[in-house]
Structures are given as structure tokens and as C-alpha cells.
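Chains as they are written, first to last, in my numbering: chain A, 1 to 355; chain B, 1 to 336; chain C, 1 to 368.
Here are the simulated lysine-lysine pairs, BS3-like style, with alpha carbons at most 25 Å apart:
1) A/K290 with B/K92
2) C/K24 with C/K75
3) C/K75 with C/K2
4) C/K24 with C/K200
5) A/K158 with A/K187
6) A/K242 with A/K290
7) A/K151 with A/K187
8) A/K276 with A/K286
9) A/K290 with A/K276
10) C/K242 with C/K200
11) B/K133 with C/K200
12) B/K133 with C/K242
13) B/K232 with B/K326
14) B/K92 with C/K24
15) B/K92 with C/K200
Because the hints were derived from the structure by calculation, they are not lab data.
Listed here are the chains, written in short residue letters.
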Amino acid sequence: MSQRKIIHCDCDCFYAAVEMRDDPSLREVALAVGGDGGRGVVATCNYAARAYGVRSAMTMSEAHRLCPDLVVVPPDMARYRQVSRQVMGIFRDYTPLVEPLSVDEAFLDVSETELFQGSATLIARDIRRRVREEVGITVSAGVAGNKFLAKVASDWNKPDGLFVVLPEAADDFVRALPIERLFGVGKVTANRLHELGVSTCNDLQAWSREQLAERFGRLGLRLYEMSRGIDPRPVVVSRPTKSISVERTYGRDLPTLAACEAALDELVTDLALRLKRKGENKPMHKLFVKLRFSDFSTHTQERIRNLTVLPQREDFLPLLRELYGDARRPVRLLGLGVRYRVDEPGEAVQLRLFD
Amino acid sequence: MPATENPILPWHESSWLRVVEWSRLDRLPHALLLSAVRGSGKRDFAERLATWLLCSNPGDVACGECKHCRLRAAGAHPDIQVCTPADSRVIKVDQVRALTEFLVQSPQVAARKIAIVDTADQLNMNAANALLKTLEEPATDVNLLLLQHAGQRILPTLRSRCQVLSLPTPPIDTARDWLLSRLEGEEGRDPELLDHALALAGGAPLAAQALIHDGHLAAAEQCLSALRQYLKGQVVLSDAVAPFLKEGLASTLVFMGRWAQDLARLGAGGHGEDHQAHDMLSYLAQHNHPAEVHHLYARIQEARAGMTYNLNPELEIGQLLMAWRKLMPRKQARAS
Amino acid sequence: MKLTITREALLTPLQAIAGVVERKQTMPVLSNVLFVAEPDSLTLTGTNMEVELVAHVNEGLAVESPGRITIPARKLSDICRSLGEGTQVELALQGDQVHVRSGASHFTLSTLPAEHFPNVEEDAESFRLELAQADLRNLLEATSFAMAQQDVRYYLNGLMLEVGSNYLRAVATDGHRLAMSTLAVVTGSEEVRQLILPRKGTLELIRLLADADTSVMLVFGDNHLRATLGAYTFTSKLIEGKFPDYNRVIPRGGDKTFIADRQSLKATLQRAGILSHENIRGVRLQLQTNELGVFANNPDQEQAEDSLPVDYVGESLQIGFNVGYLIDVLNALEGNNVRMTLSNANSSGLIEDVDNGNSVYVVMPMRL
Numbered sequence: 001m002s003q004r005k006i007i008h009c010d011c012d013c014f015y016a017a018v019e020m021r022d023d024p025s026l027r028e029v030a031l032a033v034g035g036d037g038g039r040g041v042v043a044t045c046n047y048a049a050r051a052y053g054v055r056s057a058m059t060m061s062e063a064h065r066l067c068p069d070l071v072v073v074p075p076d077m078a079r080y081r082q083v084s085r086q087v088m089g090i091f092r093d094y095t096p097l098v099e100p101l102s103v104d105e106a107f108l109d110v111s112e113t114e115l116f117q118g119s120a121t122l123i124a125r126d127i128r129r130r131v132r133e134e135v136g137i138t139v140s141a142g143v144a145g146n147k148f149l150a151k152v153a154s155d156w157n158k159p160d161g162l163f164v165v166l167p168e169a170a171d172d173f174v175r176a177l178p179i180e181r182l183f184g185v186g187k188v189t190a191n192r193l194h195e196l197g198v199s200t201c202n203d204l205q206a207w208s209r210e211q212l213a214e215r216f217g218r219l220g221l222r223l224y225e226m227s228r229g230i231d232p233r234p235v236v237v238s239r240p241t242k243s244i245s246v247e248r249t250y251g252r253d254l255p256t257l258a259a260c261e262a263a264l265d266e267l268v269t270d271l272a273l274r275l276k277r278k279g280e281n282k283p284m285h286k287l288f289v290k291l292r293f294s295d296f297s298t299h300t301q302e303r304i305r306n307l308t309v310l311p312q313r314e315d316f317l318p319l320l321r322e323l324y325g326d327a328r329r330p331v332r333l334l335g336l337g338v339r340y341r342v343d344e345p346g347e348a349v350q351l352r353l354f355d
Numbered sequence: 001m002p003a004t005e006n007p008i009l010p011w012h013e014s015s016w017l018r019v020v021e022w023s024r025l026d027r028l029p030h031a032l033l034l035s036a037v038r039g040s041g042k043r044d045f046a047e048r049l050a051t052w053l054l055c056s057n058p059g060d061v062a063c064g065e066c067k068h069c070r071l072r073a074a075g076a077h078p079d080i081q082v083c084t085p086a087d088s089r090v091i092k093v094d095q096v097r098a099l100t101e102f103l104v105q106s107p108q109v110a111a112r113k114i115a116i117v118d119t120a121d122q123l124n125m126n127a128a129n130a131l132l133k134t135l136e137e138p139a140t141d142v143n144l145l146l147l148q149h150a151g152q153r154i155l156p157t158l159r160s161r162c163q164v165l166s167l168p169t170p171p172i173d174t175a176r177d178w179l180l181s182r183l184e185g186e187e188g189r190d191p192e193l194l195d196h197a198l199a200l201a202g203g204a205p206l207a208a209q210a211l212i213h214d215g216h217l218a219a220a221e222q223c224l225s226a227l228r229q230y231l232k233g234q235v236v237l238s239d240a241v242a243p244f245l246k247e248g249l250a251s252t253l254v255f256m257g258r259w260a261q262d263l264a265r266l267g268a269g270g271h272g273e274d275h276q277a278h279d280m281l282s283y284l285a286q287h288n289h290p291a292e293v294h295h296l297y298a299r300i301q302e303a304r305a306g307m308t309y310n311l312n313p314e315l316e317i318g319q320l321l322m323a324w325r326k327l328m329p330r331k332q333a334r335a336s
Numbered sequence: 001m002k003l004t005i006t007r008e009a010l011l012t013p014l015q016a017i018a019g020v021v022e023r024k025q026t027m028p029v030l031s032n033v034l035f036v037a038e039p040d041s042l043t044l045t046g047t048n049m050e051v052e053l054v055a056h057v058n059e060g061l062a063v064e065s066p067g068r069i070t071i072p073a074r075k076l077s078d079i080c081r082s083l084g085e086g087t088q089v090e091l092a093l094q095g096d097q098v099h100v101r102s103g104a105s106h107f108t109l110s111t112l113p114a115e116h117f118p119n120v121e122e123d124a125e126s127f128r129l130e131l132a133q134a135d136l137r138n139l140l141e142a143t144s145f146a147m148a149q150q151d152v153r154y155y156l157n158g159l160m161l162e163v164g165s166n167y168l169r170a171v172a173t174d175g176h177r178l179a180m181s182t183l184a185v186v187t188g189s190e191e192v193r194q195l196i197l198p199r200k201g202t203l204e205l206i207r208l209l210a211d212a213d214t215s216v217m218l219v220f221g222d223n224h225l226r227a228t229l230g231a232y233t234f235t236s237k238l239i240e241g242k243f244p245d246y247n248r249v250i251p252r253g254g255d256k257t258f259i260a261d262r263q264s265l266k267a268t269l270q271r272a273g274i275l276s277h278e279n280i281r282g283v284r285l286q287l288q289t290n291e292l293g294v295f296a297n298n299p300d301q302e303q304a305e306d307s308l309p310v311d312y313v314g315e316s317l318q319i320g321f322n323v324g325y326l327i328d329v330l331n332a333l334e335g336n337n338v339r340m341t342l343s344n345a346n347s348s349g350l351i352e353d354v355d356n357g358n359s360v361y362v363v364m365p366m367r368l
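Work out the full structure, taking the sequences as your base and the hints as a guide.
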């Protein structure tokens, strides 16, 4: 496998960030989101609160003891989920390969992304910019060749940071890592490793696969790999692909329908390439054509075509003609795509009284 | 408000009488699209018409005495709502939804409800479609007054559901007189300044007044000078962009639209309106085919349409300046 | 204007009105309360552009000089509340300010002229009906939960009141479920009249109505519904439009009817609902002889299974519902036992009280 490019994005103190975004008065105070009262627990707290030693999962009474001025707001999951959808939506603008781990973090595989000449660093930077500008919260990102390193990297410059583990620097980076940074290493495992005289990955590398497996079981095998910066796990998209499309904005508007038809060939070829690269072998459900005229009005036309072979120019032509109609207007953007049938489990339909 | 205190803008008089006549014949359309040059007073016309429609004893003008006229004068009439871009350059769908909710409820104190949309060309796509629904199912007790800056695009389906009334721009003498009367006792009555402001405002008196009051006149001069220097290659693009950016994209488009129109006129053997830009524009007119000029004008119009899509002002102004630069003869451009 | 009034005579109506006045107003005058002082009476008016509330005061009052003015509602209400109980309050207009004096306290408030206040004048009246406040309140409470909220079908964003010769009926629907409650009352109306009271007006009116036999006079106007109750006159705008034909969607001919204990059914649904999808809230009902099973699951693959004994003999049926809609109905009903009538998984269910048929509820199922 060629070098993969994985980005791990993690929103900084997500719930608290959303609260601070929506209520500026909270930005200046030590803030915890969670259940107040005796047995409440801190779900998230902002960095002002962390300065007092407040941490997630701490009881609220403990948090109050550390930080008497702590402001506590109850969680509003519906709102956080909505913000989360917005953030994940931005991630999906860069690659369809997005694996959300929770509401506030996700792995992105951008190996195939062509934006920014395929520079994962620039993509990560742009993602961070867009989330900040469009959503109003900050994201820390880590860029590396696999999920494990990307995840460690995103934590490196937190909050509001970006850290890139270049392939050539990965080895040194891993060696210096304290073992507490590894997936699955909690207090107990850490103590056991310390007893063996292991405190960094460099130390860990001295142990053989068999030795680690003997002492730590399955985790031992993972420790062996992680300490060498190896993590072959793919980014898994749980959400089925709904559509695949290509589009192009023309530097000079396409003046007529004929010009659009002429431009179609290139797009059909591009689409075929993308479809092959995605390796989506599912039968297609619909084809669509998208047009943006020079006045920015955007229109799409779609038609059910249950194809199992790659769509051809002839399949799109009638849609384009129908869409363009007798507009006689220059076209700024042309796009084509296919949609798949999405039978999401649990797709519930509320029936209506009046129809 | 008594007519004597706030007389109708002189150049609106005949249009006003036409609307009054329509109403007498019970032929006032339920949706009226008032189209006029930016800054020529169409909002004033719409507000006045709204008051008149609400008035209990309307003559040729609103009585100024009845409960409705008093509430209007106090800005407290509950049966009129005005929809204008809130914190952005566009009217958003939520605003139209609120307006729709108002329009489907019975009036509070009057016999009808009035909505003013200022302006319909600033409705974004969703908002325009939402408004379309209201226009398609007109309630009998609703008057919709949509405003449109002349030359700006609005959704054709929106336009086709309205009766269009184009309000005139006054002749230069009328505009000058009105402007003089409004600037009574103020600085800036210098006739040359007035004419320059009117020229920049495309003959629209209220816009000219605003230019004089808000110090935009000096800014316009700075912009012109920046453009001139950029064309000559005396300043770099970012320096040329700066004064325009300070005025904002909207003003930039007004300025540039004006110069481009002048340029087209000069190219066709006519006269320009902005005398300060005359030398520069004549030079460009001599060296360019009218089609090139038209292309520039279209580019500016396009930027205006694009404003509802949140263009980046800095980028857009830069591109517009480059479009101007293209009109310079090769030799000059290369010399820079 | 100059008058003296006891604190309580002023405070009660003022607080009721301040409740109508919204905090955020587009026009300053709408934050004010309109005072109209006549030689032996005082009326206070507040409005929020949809709903107007007028309070009439004629006790504990001495008007020295009549007059009309508007005064900031919340500030005056707050001042009044802070004064000692039983104290006398003097309000005197001087210039464009009103002076409020009580004992050693003296406040000066800004005012706006009375003619700037958009109070509703009586409009053409088509019909009036007097009934007990508790009856109207029950009618509205039994149905208002089903009103739509900001639906593009604007006529659903309110409550439909219908008067026939011997009944008054309230109907509300959001297009997924419908609530209808009918009060038998001789109205004298020769035709069937309908009006749609907007959501906000409906909720305000419920707040005003006492749970008592004291009467309320409802006046149907062309543009308003007016309710006079005690010292208050409530006026709301109407939604102009046609309410859908509710009779058409009340199911008849359902052949699978079961009876359940209302509280037990509610508790079962609430338990299962915990693990339904948070937004969709779908639960699956499995009806079979003398048992109703309730199942739910969510995207995290968590599941709930519950059941309760019901009176039912007949074919088995599996049907999905938004659990929230069912719980709303069970909350609105009051009796011990409910009857639910179903026919198939794609047709609406009808829910009623076993002993009281005044209110009926229709809920459309969900395909899960």
C-alpha cells in the first residue's frame, strides 16, 4: 500500500465550546458542562476550568472544590448534535472517507483527495479554518500516515492546534512517545510497563512480539505494532455512500447548450474514473445533472436509471437538454453524478393525516 | 403626516396619481413591484402608499389625522411590516417566514395588512421562493409592495406575479432644486459639488444627498484616483483595492457601474456624467471596442448578482479592477 | 392625568398585562401599557401585536383628572410590586413624564402619547357565546398540544374553534395527529361558524381562564376573537385561512379495539421510549389477545421490550407510532381507562376515554 494520509480531527472541549459560542458571557469564565448537584459529573470543561484542575468525568462537587467560581451549564445534546452534523459535513467536503468516533472527533482518509495538490497538511489547515469560520468553534488536527499517529498528533498541540507527523519523521516521533499516549494503555497497563522499565515507545521496541503477547495478550500485539508506528486499520465509513459526482466551474462561461454538450465528454470520463476509484459496485439508482448559470442560479435534474454499468454521455444528454431548456444563458458550472439507493436501517416514515 | 410637512417627492407625482387612480377604480394590484434607480426615493413612495392605504379618510393623500395616520407617524402601526436585509446584504428565508406569518393573520387595527420588501433583488433564493408562495395565494386584505433597484435581477416568477411600476428619476434641474432645498442652510451647496454628487449617484437625488452627508464624495474621489493610478501602473493591485474596500463592495459597484455606463456613453459618441472621470474614461473609450466595454459592464452586474451569494469583497474588487486594467492598451499595460 | 389607586388594585392587572407584553419589541410603544383614566374608572391595555389584554379597574381608585397616556409596563409593574402592601400609589402626568408616588418613594417614568398605541377597536361582531371558564379551559387544554408550530400550512399553527347550534368544538392538528374536543352547549347559532385562533393567542387565553364556573363571554368578530372574563378583555388576531376538513380524517370502521389502563399504558410507553431513536421516537406496538407489547430500538443497537395486559380479542397487529404523540394524548385524557381503535399498520389510530367521548384523538402511524 502506498503512503496513506490520515487526519484526525478533534473539537476542542466540544460541549463547552458550543456553549461559549452561543453565550459570549461564558467565554470569560471557568465553565463546565454537566449535571449540577450532588452526583453530577463534568462532561466537558473549558480551558479556564482545566487550569484549576477540573477534568472530564470528575464529580461536580469535586470540580466546585477545585474551582469555586466554576459556572455549570446543563448539557443540550440536541444542539451539540446539530453542531456535530455541521462539523462532520465540513469534513465530508474533503473526502467521503470520514469515520466519526463520537460527536466531536473523526478520522479522515484524504489519500485520494486532490484538493490542495493532495497536501494533507493544507487540507487540515483548511478544515480548521472552515470549522472556525463557519461553525465558530475550534478543531485540533493531527496529520499522519495512519490512525494511531494521527490521533496522537491531534492531541499534541491541543487546543486549536495542528501537528503533522511527516513519514520521514514518524520513527523519531514514535520513539519519544511516553507509553501513556498509546491506545488502550490505562493506569494499570502503564504501571505494569513501568515495572518492566518501559516508559517510552523506544523502550518498548526492545521487547519482542512474543514477549509482549505473553505478558499482555492481544493488547501486547498492538503494543508491539504501535511502538513501531504501525497501524494498518483502515478508515471505515459507516455511512453508506449516497452519491458520487463530479463538477467543474469553467473559467470562461459555456455560452450555449452546444458548448455544454461538448463539455460533457470530459465530465463523463472524470465520473467514470471516480466511480472506479471508489470501487462502488452497487447498482446505481439515479443519474443527475447540475447546472449553474452565470447569474448563479443553480438547477439540478435527476432521473431514475437503475444502471449496473458505467453511465455514458448518452445517459446524461437528455437530462442536460431538459435542464437547459431554452435558457439561452451562459453556464458557469456543470456537474454530473449518480445516486445510490439508500436503505438506511431504521429509516422511519411518519405517515400523514392530510395528503 | 400632513402633506405640507412632508410633500411627495416632485418626480413621483404622476406615478402617485396613477396609483391613486388604480385604487379608485379598484384595480390596485395586490402585489406591486416598484422599480427605480437606487437612491431615487422608492422606499419613500412605498411608505407613503402604505400610509395612504391604511388611512381612514384618504383623499389624494393620506389625511394625517386619523388613528392610522397617527400610528404611522409614530412608527407604531401594527399592520405594516417592512422586510429589509438584517445583518447581511440579503433578506433571508426566516425573515420572509415571519412576514408570511404576519400576512396570514387578520389585521390588528386596520382593514388590511401591508408588507414592504426592500428590496426584492436582495432576497436570497430560498427567501424568494418562500415569498412566491405568498404571492401565489393572495389574501384579499394584503398589499405587497416590493422594491427593486432598477437593473437588478429578481426571480422572473416573482416579477411575473407583480404589477411593475417604474418610478422615474428626475431631470437634472428638478434633482438639483430638490437637493438645494434639502441642503438649506448646510455646507456643501456648492453647485459643482451638487452636480458631481448627482452624477455619481446616477441622477438619484436621495443617493446624492447621502453621498454629500456621509462624506462619500471624498471617498469616491479617492477611489477614482486609485483606479486611475492602477490603470497607469503607478500602484499595485492591493493598494488600489484599499480605498474601494473601505467603502465596501456595494458602493464600489455603484461607483464602477457609473463609470462603466459613462464609458459606454462616451464610446457611443455621447457624454459622460462624472466629469472628474472624464479624461480617464474618454481615453479608455478611444482605445476599446464597445463590446469590451459591454463586457466590463456585464462583469459589474454579475458581481452585483453575486453579492447575494456572499462574495469575498476584497477578491471581487481586485478582479473588477483587473477587468478595468484589461481595457488599457497593451503598451500601457506592459509598461507597468 | 392624575389618579390615586391602591397598590393591589393596580398590581394585579398590571402583572397580567406585563405577561402579554413581550420583552423584545420592535416598536417602543409596545413595551408600554396604555392608561385611560375616566372620572370613575381606569382601563389598562397591553399588546404584543397578536394578542391584546385590557383590564378594567373601578375599585380602590380615585381619579382626580382623567387622561390617557402610555407607561413602560414592566418598569411600572416592578415598581408597584416593590412597594409595601396596601399602600396608596399616586400617578400624575406632568409634561411627558409620569410621576409615581407612594409614601416617601417617588419615581419618574418616561411616557409615550396614547395615540401612538395601537389598541384594537371593536370590529364587526358576528356571534357571541357565554360559557363557564372551566369548560372553555378544558376544551382548549384537551386539544392545544396538537397545534402545529411554524408549519408552512399556516392554518395549522393555531386552534380551530367551531360553533354549531348545540355545541362548541376545538380542533388542533399538526398533520400527524389530531385532537378534537366537543362541549355540548346550546349556542343559538343557526349556522356552523369556524375561526382559527393563532398558537400564541390560544396559549395566552388558557393562562387567563380560571378553573371555575365563573363565566367568559366569547365574541366572534371578523378579524378577532374577543373573550371577556371578569375585569379582563382578551382580544386575539385570527389566522385567515381554511382549516382542513377534520371529519374526513377521523377513522371509522377500525376493527381492532383494545382497552388499557391509562397510567399503565403511559408508563410502559415512556419506559420503551427511552431507547427509541431520539429524533424519530418510533416505537413498535404488538397487539395480540389480552396483551400489548411495546418495542423500541435506537441506532446504537440498544433495545427495549415491554408489555402490559389489555382487554383485546382479535387478530394480531403490529404498528409503529411516534411514542411522543401517544404520550401527549394519554396526558390530555383524564379517565382511568382508554380505548384505542386500530385497523392496519398504515391507517390512523383513534384514542378516546372509555367513559367520556367528548374528546377524541387521531394519531397517524409510523412506518418503522
